[in-house]
Amino acid sequence: MVIVAAVDRSERAPSVVEEAVELGEAFDEPVEVVHVLTRQRFVELERTSVSDTGHTIPTDDILEIAEDIAQEVIDESSAVDVSPVGLLGDPAEEVVSYAESNDARYLVIAGRKRSPVGKALFGSTVQTVMLESDVPVVSIRAE
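Mapping of the sequence shown onto full-length UniProt numbering: position 65 corresponds to residue 65, and the numbering continues sequentially without gaps.
Worth flagging that the hints you see were computed from the coordinates, not collected in a lab.
Think of the CB as a built atom: it goes at the ideal place given N, C-alpha and C, for glycine as much as any other residue.
There are no misleading hints in this set.
Simulated DEER-style distance windows between Cβ atoms: (1) Glu22 / Asp61: 30 to 36 Å; (2) Met130 / Asp103: 15 to 21 Å; (3) Thr128 / Pro58: 27 to 33 Å; (4) Ser78 / Thr56: 33 to 39 Å.
Using the sequences and the accompanying hints, generate a full structural model.
And the structure:
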């Protein structure tokens, strides 16, 4: 089993890693920090690459960029013995799929304060993860 910490580039991300590390230590499980690049971000990177170099970016390179972002969050949190993972696609779908396919004990995420109307209009990755995941979800509210 593994503890999965799903992070973005927000100020909440290091707190997610720290909580995941605590769970990992408590259950003697490895921790994996997952960052998902959205398709929109992928398209932006692809456009930049094509306009700058004339070549498209291989998917493996995009996954490496996502992994590098996860590593940046790990570095910010000062966590040790934590593995970064980069994914591409819809964040909620990819995080849930990754956690389930890797037999995660817990999935740690951080939400942000949003009104019910805001959630309805803009959606909520955290809400989708909590509703769709068969893995227990630990949601922290980092300030």
